[in-house]
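Once you've looked at the hints, dock chains E, L, C, D and P with the ligands against the given chain U.
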Amino acid sequence: MSLGAFKRLLPATLFGVLCLIAPEAFAQTAAAKLDGANTAWILTSTALVLLMTLPGLALFYGGLVRAQNVLSVLMHCFAIACIVSVLWLVAGYSLAFGDGGSVNKWIGGLSKAFLGGVGTGALSGTLPETVFFMFQMTFAIITPALVVGAYVERIKFGAVVLFTVLWLMLVYVPVAHWVWGGGWLGAMGVQDFAGGLVVHVTCGTAAFIVARELGPRRGFPREVQPPHAPGLVMMGAAMLWVGWYGFNGGSALAADGAAGMAITVTHISAATAAVTWMTIEWTRHGKPTLVGITTGAIAGLATITPASGFVGPVGAIVFGIVAALICYGAVGLVKFKLKVDDSLDVLAVHGVGGATGTLLTAVFGATAFGGLGLSKLSIAGQLGVQAIGVVAVLGFTAVVTLIICKVIKAVCGLRVEDEVEIEGLDIRSHGERAYLIR
Amino acid sequence: MSLGAFKRLLPATLFGVLCLIAPEAFAQTAAAKLDGANTAWILTSTALVLLMTLPGLALFYGGLVRAQNVLSVLMHCFAIACIVSVLWLVAGYSLAFGDGGSVNKWIGGLSKAFLGGVGTGALSGTLPETVFFMFQMTFAIITPALVVGAYVERIKFGAVVLFTVLWLMLVYVPVAHWVWGGGWLGAMGVQDFAGGLVVHVTCGTAAFIVARELGPRRGFPREVQPPHAPGLVMMGAAMLWVGWYGFNGGSALAADGAAGMAITVTHISAATAAVTWMTIEWTRHGKPTLVGITTGAIAGLATITPASGFVGPVGAIVFGIVAALICYGAVGLVKFKLKVDDSLDVLAVHGVGGATGTLLTAVFGATAFGGLGLSKLSIAGQLGVQAIGVVAVLGFTAVVTLIICKVIKAVCGLRVEDEVEIEGLDIRSHGERAYLIR
Amino acid sequence: MSLGAFKRLLPATLFGVLCLIAPEAFAQTAAAKLDGANTAWILTSTALVLLMTLPGLALFYGGLVRAQNVLSVLMHCFAIACIVSVLWLVAGYSLAFGDGGSVNKWIGGLSKAFLGGVGTGALSGTLPETVFFMFQMTFAIITPALVVGAYVERIKFGAVVLFTVLWLMLVYVPVAHWVWGGGWLGAMGVQDFAGGLVVHVTCGTAAFIVARELGPRRGFPREVQPPHAPGLVMMGAAMLWVGWYGFNGGSALAADGAAGMAITVTHISAATAAVTWMTIEWTRHGKPTLVGITTGAIAGLATITPASGFVGPVGAIVFGIVAALICYGAVGLVKFKLKVDDSLDVLAVHGVGGATGTLLTAVFGATAFGGLGLSKLSIAGQLGVQAIGVVAVLGFTAVVTLIICKVIKAVCGLRVEDEVEIEGLDIRSHGERAYLIR
Amino acid sequence: MKYIIAIIKPFMLDPVREALTDLGVQGMTVSEVKGFGRQKGHTEIYRGAEYSIDFLPKTKIELAVADEIEDRVVETLQKAARTEKIGDGKVFVLDLKEAVRIRTGETGGEAL
Amino acid sequence: MKYIIAIIKPFMLDPVREALTDLGVQGMTVSEVKGFGRQKGHTEIYRGAEYSIDFLPKTKIELAVADEIEDRVVETLQKAARTEKIGDGKVFVLDLKEAVRIRTGETGGEAL
Amino acid sequence: MKYIIAIIKPFMLDPVREALTDLGVQGMTVSEVKGFGRQKGHTEIYRGAEYSIDFLPKTKIELAVADEIEDRVVETLQKAARTEKIGDGKVFVLDLKEAVRIRTGETGGEAL
Ligand SMILES: Nc1ncnc2c1ncn2[C@@H]1O[C@H](COP(=O)(O)OP(=O)(O)O)[C@@H](O)[C@H]1O
Ligand SMILES: Nc1ncnc2c1ncn2[C@@H]1O[C@H](COP(=O)(O)OP(=O)(O)O)[C@@H](O)[C@H]1O
Ligand SMILES: Nc1ncnc2c1ncn2[C@@H]1O[C@H](COP(=O)(O)OP(=O)(O)O)[C@@H](O)[C@H]1O
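First to last, the protein sequences are chains U, E, L, C, D and P. Start counting at 1 in the first sequence, then tack on 7, and there's your number in the working numbering. Start counting at 1 in the second sequence, then tack on 7, and there's your number in the working numbering. Start counting at 1 in the third sequence, then tack on 7, and there's your number in the working numbering. Start counting at 1 in the fourth sequence, then tack on 44, and there's your number in the working numbering. Start counting at 1 in the fifth sequence, then tack on 44, and there's your number in the working numbering. Start counting at 1 in the sixth sequence, then tack on 44, and there's your number in the working numbering.
Only chain U is shown next, with the shape it has when bound in the complex:
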């Protein structure tokens, strides 16, 4: 069970305990009391996580491509944010977090479609339900936006739109339900504090599949252009980092010590991974790069995400080192061994990082390894459950993503013509140019 879910149940538990002590005092309202402080923090966290995509991730990705495609990347991220927001209201939230009745193990119901019945006064734990809806929406936005990294510089814009709609509803929403919404993985005891599985394994896996279906960019892997604007990459990474305080710290759903510890381990993992990645580059190439150190930080952030409510500060250092080593290796593996043009390394950084973090959670979440010890299973037992989670999410995502790609190929095609790829998507797909600087 995620700490998120744990938190949401906490008031109920507390309520039970308190009833024994002072039944008359808490009989009516304890379980359903709004907490202003928690609300303030989750409102803030929601803004922080939105900032991660708009403009954080958009800039991070936009700086990594050629100058002729930077606007198309910003466009992808912006359009995805808008489309997902509408879908989330229409049905996504309800299917992920609503009650699915007899099929609740697999998927939620439609009772909360269009936020039906959710007024200003509705609560989710100690938060207004609208706040919980919005906070979760920002996660639903960033996940398909992360997949953008796989298909930049050569995809049709129509395909981006279609992919996002299908993938959100057919992959993200079910997996979110399984892990956080009352589905089978959460019930089995999978621990995923802030989205190692739900966000990072899904986007990483999808990225790999899409990149394969789409084929590589011209000149891949040896003649691909280096990032056109590492400064934008750094700006984006910085905003992702700051926003991640809301992502992981907000997943505590409270302004308390759990949130404090979550941002602490998140930050330490990021910093350690960044320093480690920098050291690898310095040693191997003699030159530490800005794109490298920021990539390391993102790897550290992605890897700690599932564990951020369970591990302690020393565990976070281990997470950071492991994240940098494994993700650095994975980048080369995917690019030069598997020869798949997952252009901005979504699988290698997010997928591999998220999966690694999910597994390590079993170990470093245990008190023996300085963790908070929230699992009732043995380390090995929890590790098994975590592994089932990774395999299930990875397999499900791969299969459904593949089908979606095939469907899009049939309907409108995935890839632009050669000429458009050469001249760039900005001018050809969007009628705009990024730098008219004289």
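Because the hints were derived from the structure by calculation, they are not lab data. Given the structure is predicted, the values throughout are model-derived calculations rather than measurements. Cβ coordinates follow ideal geometry from the N, Cα and C atoms, glycine included.
List time: in silico SDA-like cross-link candidates among lysine to any residue, alpha-carbon distance up to 25 Å:
hint, chain 1, residue 1, chain 2, residue 2
1, E, Lys383, E, Leu366
2, C, Lys123, P, Glu106
3, P, Lys141, D, Glu106
4, C, Lys46, D, Leu100
5, D, Lys78, C, Thr65
6, L, Lys294, E, Ile429
7, C, Lys78, P, Gly68
8, D, Lys141, P, Glu119
9, D, Lys141, C, Met45
10, P, Lys84, L, Arg422
11, P, Lys78, L, Glu424
12, C, Lys141, C, Ala110
13, D, Lys78, L, Ile444
14, D, Lys141, P, Asp111
15, U, Lys413, U, Leu345
16, C, Lys123, E, Glu424
Stretches of chain L that chain U covers, calculated by requiring three or more beta carbons in the stretch to come under 8 Å of a beta carbon on chain U:
hint, stretch
17, 43 to 50
18, 76 to 82
Chains E, L, C, D and P with the ligands alone, transformed into the frame defined by chain U:
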């Protein structure tokens, strides 16, 4: 009455109710109790709304002009923020929100000039009054900064400074008082949650007048340069969007369900308007643009602003669609029919959006249309009141802005020489160049 | 004593007072109660202060250098943030804020190294201790990052890393302990609300020493290139300004009227200083610049920092005017009289500003001058204590920084070869280029 | 054939291009350059110090033309680019030995 | 000696450079230019209005060569830069009177 | 008249401009170019892979001069731009048939 005002009265009401129940317990302090959670959220909201201008709006506008003028636009926004802040302390806040005594219907008094009598312990509702002062200040900053969009690429910097001083004191401050500070429009029951009238109708109207007085840029409308940096436009729009959570969500003046619902409808309106604008462009030109989708989002945000404390999520979808359709139309109308070079479409996006939202509030704020039903008037009655609000604010702003323009023309002139316009304001007015990139 | 420390002691005092009234009720928990609202605000403040360095300060500095060095500056700031974070966990926090036993006057102990004994439930005042740890960490990050401004465009990257490690542990940590962590300056009654001494005097002094040891850039002072991207400078300054709400407002360690007053005076000082600087330039050169107005704002922010919990709004106006006048003068003095290439004016803006503010605090913190009157000493007495603080911190920093520079010179050298300086650090030290825009 | 190089003020590019097109010129190549000449640059200000900029933005047009229209092209360039203020720029004429159209391999006047 | 100027499509630069290197050319100078010709530009859209872009990005290669290899260089350029679509560009050949290597002061063929 | 083209290292522009001005040259046109030659480029690193950059930033100076001062200009250029390290660049001299000052219509030596 705005929900903002409503919130501020709530404690008093509650106080009354509670006195009946437990008079001895609440007699002294209930109405004047600081709420830490609300304070935390409004402190945050203040930071978010400042981010909207610095650097949000500055980048949004800066990216839309020619490269030779981008610094001048950033300079306008930065200088306006500084100047308004000082004026707000000196007298603006007091005149807008202080007690005006016998003329309170029209304007506040000077008792709170320089925050006189407002110490660390002073409260405004459940907030420290300094926090309320600062939150409102960020609104006073962004409103004249929005007018910048009307006069870019050809105005004298001295005129910007003079205009800002006069316009803030003679337009913004009175209108804020009328609607939010205890003046006649608020008393009449005008509903303007977060500034549809106070911010958007005033800036849009002023923009149109200033643009007319100033005359169009060379080559307008057909040979005007397209935006020199759509990426900056997107960054700015993203920060505006994130900041708008503070703008509308903070206008609840509390960390509660009202704030949650406010950010929900705000976000949904933005997303829907963005998708709608994108669809229009895709249909009409075959190419959806980044500047277009972001403009749509801003239109959705401006339009929902007056309504964000009154409507529900489904209403927000309607607001979003209407915002995009009407503002898209208005852009063409102002530019090609009225032939006024309101350069960055302040009237078309903010003015028209704000007015539309103010009127729609009467409808979609009613429970019959999924709203929160906070008005005591019938839909038609409320619509009438809202219309009076729009006409009064629009008329007053137009007249006073026109006078201000005439005065500036007489004093120092509005427009730079042709040569300066051609070479660009950056180097000629500010002695700087934006891109020395090699 | 800083208000920060004051705040931390407040619960204890309150506890004492309350025990007299209702001993049974508060006996166990009053002094150690978590306050959710304060926690929410300090979590937010932590994110805001991180944003100041990543990407705020990085962009502010990055825009001021030549295009060939912008990435190296971003790299410096990013790497410093990561390295300091790890060091802060390993020992920095413990040595600064832990109990130093018999030597506590000079330095803290190691009991909290690796956050030993600090779990999710540990409190610091009304905050989870992890939150206090993180908030303080963001101060530890920005201080050595501010020193970057002294050595840009010519330093070896290895020297940056080594300098940061040594300087953090040997200068920042002790000074933070002296002033805020229970050391001798705090005990003597030095008032430094948010880091006039700890942050600004230390970084400014160090900058001067490093710049002297390193020698000037080629062509200094007359042929140095103007800022390659004033737009980045403005973006960075804007984020610094917004983040400073967390820096000063968060230093109240509570979401209350003290925080509200702190952001108010902070903002007013920044705005006033910016307008003053703009006016000076306009008068002297006929052209107010963007870099100038933003520099003014930063000067205003640095100067008010030590005073932000003690002075009132009118005091803030005085601070702003004085900040601009003194820092503007200091820039020319250091550059053209002392001929030291403190490249981005760290001493002139931060050092001079911070010292000035520290001294002025004694005057404008007194009720006679509109301050909050938190000092128990006379104005003259407090002024003496403040002066001791400035001299001690300045002297200590200068000596230790000089030694560090000599050590680095011996170990690996400070400065790159001429050829590398000419071609730029980006390509030569980091293997990257900033603008591949076609 | 002649190879004509013109240095003009940037904002005169559009009128010049139109004038040349009216004359029947079908192609030209344009680049952004910095000019140093009698026209003086501006002053930049950076934190209290003034720096003078010696180079001004100019636009360079290169076009290959048949000998017959050389005179008319030079005249048109001169007229269309003129603002009569200092810094209007220059026209330079060089001899062009050969021209080839890459797409077709055509040479000489055919290639232009 | 000849001074050869080629205007080509930007993404053909790499193949062209390689082909020239294979031929033994040891140096060249490249710049980014905007071309106006038979190939038409695109349309840009800005808030509901369409603007046509007349100029297209092109790459200009300049290289000084000895008379002996002039023909082969022109031929190589023409072949390597050709996509057979409109807009492939031109090669222009001018006479070069003198060349000097700055580093050594060598002149003529030695300098190239 | 001669049309002189010099390719130099970017940071040598200021000394070169000064030396030419001292010689009495009143105008020149400068642009940013990328050079390919004997001087080798650097390596760029991107997430574990190294990419070699073939082109180096160079600055191109174009100036039209009267025949009389051709020699002195070439000599001055060569001296002022020299660092004696590889990659210092070249000076090319072409014949210039005609020059026109746009502002006044003056031609020939008068126009320079
Ligand atoms: N001798 C020259 N060779 C090459 N370009 C020149 C020469 N003289 C001037 N130019 C170019 O022409 C531009 C305009 O020259 P300038 O002397 O400022 O004004 P004008 O053309 O009115 O005499 C310069 O900025 C420079 O680019
Ligand atoms: N007469 C000319 N002088 C200089 N450059 C030319 C000339 N004609 C064409 N160009 C350049 O060659 C490029 C390609 O020419 P264009 O007419 O579009 O196609 P093509 O080379 O296939 O005939 C143009 O974009 C322009 O840069
Ligand atoms: N044949 C050539 N034609 C045109 N430009 C050349 C030629 N050879 C060299 N260059 C230019 O001169 C620059 C310097 O040449 P390079 O061979 O690197 O060193 P050096 O000038 O010391 O021999 C190159 O980067 C290129 O811009």
